[in-house]
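Trainee: Take a look at the letters that make up each chain.
There are 4 protein chains.
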Amino acid sequence: MSYSFLPDARYRMPTHFGPSLGPRQGPEGRRYDCRNTPHQVIVRAEFEAPAARLEPFMPPGFSVRRGEIHFTFSYMTEIAWLAGRGYDTFGVSVPARYAGSTDRIDGDLLLVLWENMADPITSGREELGFSKLFCDLPPLRRHEGEIMCEASWDGFRFATLRLAGLGGTPDAAAQASQGLLHYKYIPRTGAPGEADAAYVVLTPAEGGHLRVESQIAARDAFCIFHRATWEELPTLVHIVDALADVPLGRCIRASVTETRGAKDLSDQRILS
Amino acid sequence: MSYSFLPDARYRMPTHFGPSLGPRQGPEGRRYDCRNTPHQVIVRAEFEAPAARLEPFMPPGFSVRRGEIHFTFSYMTEIAWLAGRGYDTFGVSVPARYAGSTDRIDGDLLLVLWENMADPITSGREELGFSKLFCDLPPLRRHEGEIMCEASWDGFRFATLRLAGLGGTPDAAAQASQGLLHYKYIPRTGAPGEADAAYVVLTPAEGGHLRVESQIAARDAFCIFHRATWEELPTLVHIVDALADVPLGRCIRASVTETRGAKDLSDQRILS
Amino acid sequence: MSYSFLPDARYRMPTHFGPSLGPRQGPEGRRYDCRNTPHQVIVRAEFEAPAARLEPFMPPGFSVRRGEIHFTFSYMTEIAWLAGRGYDTFGVSVPARYAGSTDRIDGDLLLVLWENMADPITSGREELGFSKLFCDLPPLRRHEGEIMCEASWDGFRFATLRLAGLGGTPDAAAQASQGLLHYKYIPRTGAPGEADAAYVVLTPAEGGHLRVESQIAARDAFCIFHRATWEELPTLVHIVDALADVPLGRCIRASVTETRGAKDLSDQRILS
Amino acid sequence: MSYSFLPDARYRMPTHFGPSLGPRQGPEGRRYDCRNTPHQVIVRAEFEAPAARLEPFMPPGFSVRRGEIHFTFSYMTEIAWLAGRGYDTFGVSVPARYAGSTDRIDGDLLLVLWENMADPITSGREELGFSKLFCDLPPLRRHEGEIMCEASWDGFRFATLRLAGLGGTPDAAAQASQGLLHYKYIPRTGAPGEADAAYVVLTPAEGGHLRVESQIAARDAFCIFHRATWEELPTLVHIVDALADVPLGRCIRASVTETRGAKDLSDQRILS
Numbered sequence: 001m002s003y004s005f006l007p008d009a010r011y012r013m014p015t016h017f018g019p020s021l022g023p024r025q026g027p028e029g030r031r032y033d034c035r036n037t038p039h040q041v042i043v044r045a046e047f048e049a050p051a052a053r054l055e056p057f058m059p060p061g062f063s064v065r066r067g068e069i070h071f072t073f074s075y076m077t078e079i080a081w082l083a084g085r086g087y088d089t090f091g092v093s094v095p096a097r098y099a100g101s102t103d104r105i106d107g108d109l110l111l112v113l114w115e116n117m118a119d120p121i122t123s124g125r126e127e128l129g130f131s132k133l134f135c136d137l138p139p140l141r142r143h144e145g146e147i148m149c150e151a152s153w154d155g156f157r158f159a160t161l162r163l164a165g166l167g168g169t170p171d172a173a174a175q176a177s178q179g180l181l182h183y184k185y186i187p188r189t190g191a192p193g194e195a196d197a198a199y200v201v202l203t204p205a206e207g208g209h210l211r212v213e214s215q216i217a218a219r220d221a222f223c224i225f226h227r228a229t230w231e232e233l234p235t236l237v238h239i240v241d242a243l244a245d246v247p248l249g250r251c252i253r254a255s256v257t258e259t260r261g262a263k264d265l266s267d268q269r270i271l272s
Numbered sequence: 001m002s003y004s005f006l007p008d009a010r011y012r013m014p015t016h017f018g019p020s021l022g023p024r025q026g027p028e029g030r031r032y033d034c035r036n037t038p039h040q041v042i043v044r045a046e047f048e049a050p051a052a053r054l055e056p057f058m059p060p061g062f063s064v065r066r067g068e069i070h071f072t073f074s075y076m077t078e079i080a081w082l083a084g085r086g087y088d089t090f091g092v093s094v095p096a097r098y099a100g101s102t103d104r105i106d107g108d109l110l111l112v113l114w115e116n117m118a119d120p121i122t123s124g125r126e127e128l129g130f131s132k133l134f135c136d137l138p139p140l141r142r143h144e145g146e147i148m149c150e151a152s153w154d155g156f157r158f159a160t161l162r163l164a165g166l167g168g169t170p171d172a173a174a175q176a177s178q179g180l181l182h183y184k185y186i187p188r189t190g191a192p193g194e195a196d197a198a199y200v201v202l203t204p205a206e207g208g209h210l211r212v213e214s215q216i217a218a219r220d221a222f223c224i225f226h227r228a229t230w231e232e233l234p235t236l237v238h239i240v241d242a243l244a245d246v247p248l249g250r251c252i253r254a255s256v257t258e259t260r261g262a263k264d265l266s267d268q269r270i271l272s
Numbered sequence: 001m002s003y004s005f006l007p008d009a010r011y012r013m014p015t016h017f018g019p020s021l022g023p024r025q026g027p028e029g030r031r032y033d034c035r036n037t038p039h040q041v042i043v044r045a046e047f048e049a050p051a052a053r054l055e056p057f058m059p060p061g062f063s064v065r066r067g068e069i070h071f072t073f074s075y076m077t078e079i080a081w082l083a084g085r086g087y088d089t090f091g092v093s094v095p096a097r098y099a100g101s102t103d104r105i106d107g108d109l110l111l112v113l114w115e116n117m118a119d120p121i122t123s124g125r126e127e128l129g130f131s132k133l134f135c136d137l138p139p140l141r142r143h144e145g146e147i148m149c150e151a152s153w154d155g156f157r158f159a160t161l162r163l164a165g166l167g168g169t170p171d172a173a174a175q176a177s178q179g180l181l182h183y184k185y186i187p188r189t190g191a192p193g194e195a196d197a198a199y200v201v202l203t204p205a206e207g208g209h210l211r212v213e214s215q216i217a218a219r220d221a222f223c224i225f226h227r228a229t230w231e232e233l234p235t236l237v238h239i240v241d242a243l244a245d246v247p248l249g250r251c252i253r254a255s256v257t258e259t260r261g262a263k264d265l266s267d268q269r270i271l272s
Numbered sequence: 001m002s003y004s005f006l007p008d009a010r011y012r013m014p015t016h017f018g019p020s021l022g023p024r025q026g027p028e029g030r031r032y033d034c035r036n037t038p039h040q041v042i043v044r045a046e047f048e049a050p051a052a053r054l055e056p057f058m059p060p061g062f063s064v065r066r067g068e069i070h071f072t073f074s075y076m077t078e079i080a081w082l083a084g085r086g087y088d089t090f091g092v093s094v095p096a097r098y099a100g101s102t103d104r105i106d107g108d109l110l111l112v113l114w115e116n117m118a119d120p121i122t123s124g125r126e127e128l129g130f131s132k133l134f135c136d137l138p139p140l141r142r143h144e145g146e147i148m149c150e151a152s153w154d155g156f157r158f159a160t161l162r163l164a165g166l167g168g169t170p171d172a173a174a175q176a177s178q179g180l181l182h183y184k185y186i187p188r189t190g191a192p193g194e195a196d197a198a199y200v201v202l203t204p205a206e207g208g209h210l211r212v213e214s215q216i217a218a219r220d221a222f223c224i225f226h227r228a229t230w231e232e233l234p235t236l237v238h239i240v241d242a243l244a245d246v247p248l249g250r251c252i253r254a255s256v257t258e259t260r261g262a263k264d265l266s267d268q269r270i271l272s
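Protein chains in written order, with this note's numbering: chain Z, 1 to 272; chain P, 1 to 272; chain S, 1 to 272; chain U, 1 to 272.
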């Protein structure tokens with residue numbers, strides 16, 4: 001006698017062992033309130049960049065909202081759905097507008113989000129439509145008043161973000177964003193060019209329990225992507241080289257922020 | 001000006017940087033012939049198990065074909081699409097029949113396939129519908145005439161396979177299988193219980209360039225799954241405990257096989 | 001023309017490339033003042049244990065001072081001699097007295113100090129005489145008001161320390177100790193049973209810049225060593241099993257402490 | 001009652017738990033015969049280099065024998081004293097003569113031996129006097145007829161060796177060597193510039209059970225050391241930069257060799 005799917009439960013492959021465990025569903029369907037955890041150290045820098053060089057990254061229905069590119073490293077600990085473990089992320093986004101048949105959103109398009117743990121990559125891609133990929137993210141380095149964040153894959157360091165001149169409070173926040181925008185795409189098996197899913201998704205800005213515990217500005221920031229060969233980065237070279245080709249202008253804003261609390265992203269919704 | 005999707009090209013998230021790189025598509029759309037690579041050391045053991053204990057793992061349309069469960073560790077090197085790197089896998093399968101509205105296949109249902117590298121997990125889940133998950137797979141250990149394969153997650157060793165009494169040639173192959181069967185399931189974002197994809201997929205047995213370079217039988221094999229707490233395996237506990245609950249009978253057949261060649265699995269097809 | 005050794009410089013193998021780099025000697029002989037770094041999160045628990053079970057761990061000239069055994073995990077970041085990187089340690093010590101021909105010290109004998117980085121293991125063993133060994137130390141886990149520290153080797157988790165009931169300030173410090181005691185032993189090459197060095201060393205308690213930034217007591221603590229087979233821990237089994245055999249009494253004191261500052265341990269001295 | 005040292009037993013720190021476990025001493029003092037294990041894949045390339053640039057690496061009593069520098073990567077599996085586990089090494093050596101008061105040996109001076117496992121680094125340094133240091137050594141890559149070996153530390157790739165044009169049998173062996181030469185140096189605690197041990201050691205060429213199972217020559221080889229900053233390689237920069245400064249001439253000989261068997265190096269002896 002084969003199994004049936006429980007209604008309204010969250011499943012991911014393999015479905016053969018019942019509903020999945022993950023950020024939005026724990027044992028016995030338990031939810032995580034994210035009221036006081038995770039703890040995050042967020043290192044972020046925003047740079048000017050020519051809008052014309054960012055337009056080619058916009059999926060159908062999207063346009064560049066401001067000529068800027070944002071780099072964000074987050075070092076997370078005390079994650080409840082991982083029983084207190086942590087993992088780290090490195091995201092690249094661009095202020096963008098989505099104008100669909102119904103929705104019109106001024107948000108930020110997530111170009112790519114690297115993470116150093118496979119489990120949240122799978123749940124984030126499939127349940128949420130986040131463009132998550134794997135890389136190694138060593139712990140943040142602090143040395144002689146500077147902060148250094150690094151990303152590598154199989155020993156090839158493809159990106160570094162350095163913050164210098166730490167001190168003082170950051171300027172008032174950047175212009176408001178309605179949330180993080182994604183283009184969810186799942187290929188159809190055995191049919192190159194066809195998709196099981198191809199739609200736009202929004203992570204609304206509001207909601208959740210994120211609270212800032214401390215924040216410090218950086219006077220300057222430096223972000224470098226290192227061009228690679230296919231041999232060095234056989235799964236990432238086209239992404240890393242494309243980002244290396246974006247000329248960065250001045251650093252608009254850079255900071256290190258410690259936060260607690262979050263949301264489980266179950267409010268993720270499809271736009272049309 | 002936003003980008004358009006190239007027709008017939010393979011894409012995975014992020015789609016913003018053009019067609020993806022992976023096992024079935026290299027730079028400039030290059031394919032990999034898999035004629036002489038990868039190299040694999042395959043450690044495999046098949047056990048009797050009560051069909052009634054395996055039926056609950058069968059998705060809709062499936063039934064147990066024989067009361068058996070198979071464990072396969074593969075240690076791969078010289079993988080062309082990874083520019084000569086390698087990775088390892090640990091799969092669990094059950095001889096099963098799929099009877100759909102059109103197709104009727106006597107194959108093996110892949111219950112789960114653990115891999116120790118994130119990149120092929122993503123492409124395999126999304127392009128192929130393989131039930132791939134991450135775990136650590138240390139190198140195979142050979143010591144005093146025995147072979148030991150192990151799987152762990154964050155330092156918790158959840159499965160071991162030990163082969164003893166190595167020597168001689170394996171018996172004639174097991175009964176024929178038409179291929180590996182999968183249930184591809186991708187959840188729909190923001191809609192628990194709904195799916196972007198939920199269909200059966202076949203990896204046909206035929207085709208490809210796999211050739212055996214050497215094979216040696218084992219007189220006996222021992223496979224143990226270690227029950228875990230949610231704290232120890234917060235994403236895998238329901239799978240590992242379910243497999244630990246399957247009573248294993250005698251070992252039908254166990255062997256270590258060295259092979260070269262494979263196929264790129266672009267012949268994966270949807271059943272109905 | 002061969003090289004000569006610079007007088008008063010610190011060397012370790014290989015000596016062929018000039019003076020070594022390490023905690024007590026940077027580029028151009030630079031020293032590290034350790035005034036504000038490293039940052040440490042120190043998780044410590046002290047237990048009663050029968051003195052008779054601890055005596056067999058005492059080297060010649062040593063005796064147990066109190067029937068206690070102490071477990072200390074330290075998670076270090078911002079280490080100056082590593083250019084801002086970090087590493088972690090897990091130490092086991094016993095209050096002990098050394099009575100030599102000249103010196104008489106009431107301190108704590110370091111039974112073993114596991115570290116998860118090879119470089120400080122080498123410099124610590126050879127320059128200082130610390131009984132350092134390698135193991136994996138995953139990041140500290142905090143979950144539902146508890147703290148979990150773990151140590152493993154090649155996927156075998158051999159020790160865990162759990163602190164529960166966190167809150168309040170720790171009791172006044174334990175009885176004073178004059179420092180950490182070590183037995184430095186370096187075997188003579190090609191002569192089993194003979195030694196290049198076999199002497200007692202003291203890390204004096206005083207000196208340095210360690211300052212407590214926060215401290216919180218735990219109501220209770222639980223430390224478990226897991227007995228292993230030689231196959232599981234081929235280099236550590238005799239140590240882990242011996243520690244697993246020590247019956248732990250009540251937890252005397254347990255705490256989590258955040259500190260900044262340290263010393264470079266160049267005041268390490270040989271006792272006689 | 002403190003412990004005593006057992007006569008003729010091998011000890012390393014910590015000595016508090018009895019004789020050590022390692023390559024030359026197993027449980028109950030067991031020895032490993034190394035008759036059929038470990039298995040090694042050895043990738044080796046020898047280059048011409050100006051003797052004048054190698055002389056500064058010679059310790060007192062040594063001189064360059066031939067203007068050559070040799071790079072050897074070894075990928076080891078089935079190591080008996082590790083219960084069948086493996087680890088990898090990357091060594092750099094120079095043909096050298098040691099002329100002491102008694103001994104005169106034409107051998108090869110081991111400038112440095114990197115290994116990717118901490119346990120054999122400790123036993124090899126202290127028991128044998130090998131100049132072992134830690135680095136990451138990913139698995140050997142084979143791709144499109146070439147072989148690539150790499151060494152990195154914390155994500156900084158500091159050396160690569162590439163063999164091209166594989167095929168045919170290597171030329172007759174290089175000129176004979178009486179063994180591998182080492183300068184063992186252990187600093188005295190608390191006394192910069194003083195040593196507990198500073199003597200020359202020989203690994204005799206003869207003895208042991210190493211047998212070649214297959215060997216293939218390479219038409220050419222390329223070895224590159226990448227200069228680093230202190231921030232990138234805070235413990236290795238002086239070594240890597242010095243090796244990067246050695247101008248390499250033509251490749252004299254390069255090969256890939258598979259072997260079985262070894263010796264436990266208990267015949268290591270002090271020269272004078």
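No wet-lab data here; the hints were simulated from the structure.
You may find that some hints are simply not true.
[As the list claims (entries may be wrong)] Okay, the calculated beta carbon distance ranges per label pair:
1) Z:26 with U:258: 27 to 37 Å
2) P:194 with Z:56: 29 to 39 Å
3) Z:26 with S:60: 37 to 47 Å
4) Z:7 with P:56: 16 to 26 Å
5) P:27 with Z:5: 35 to 45 Å
6) P:27 with S:170: 38 to 48 Å
7) Z:56 with P:27: 47 to 57 Å
We put the beta carbon where it would ideally sit given N, CA and C, even for glycine.
Trainee: Hint by hint, note whether the structure agrees.
Mentor: Verification of the hints:
1. Z:26 with U:258: 27 to 37 Å: Cβ of residue 26 (chain Z) to Cβ of residue 258 (chain U): about 49 Å, so the range 27 to 37 Å is violated.
2. P:194 with Z:56: 29 to 39 Å: holds (33 Å)
3. Z:26 with S:60: 37 to 47 Å: At 55 Å between Cβs, range violated.
4. Z:7 with P:56: 16 to 26 Å: Between residue 7 (chain Z) and residue 56 (chain P), where Cβ atoms are some 18 Å apart, the hint holds.
5. P:27 with Z:5: 35 to 45 Å: holds (40 Å)
6. P:27 with S:170: 38 to 48 Å: violated (60 Å)
7. Z:56 with P:27: 47 to 57 Å: This hint is violated: roughly 18 Å between Cβ atoms.
Of the numbered hints stated above, those contradicted by the structure are hints 1, 3, 6, 7, listed in ascending order.
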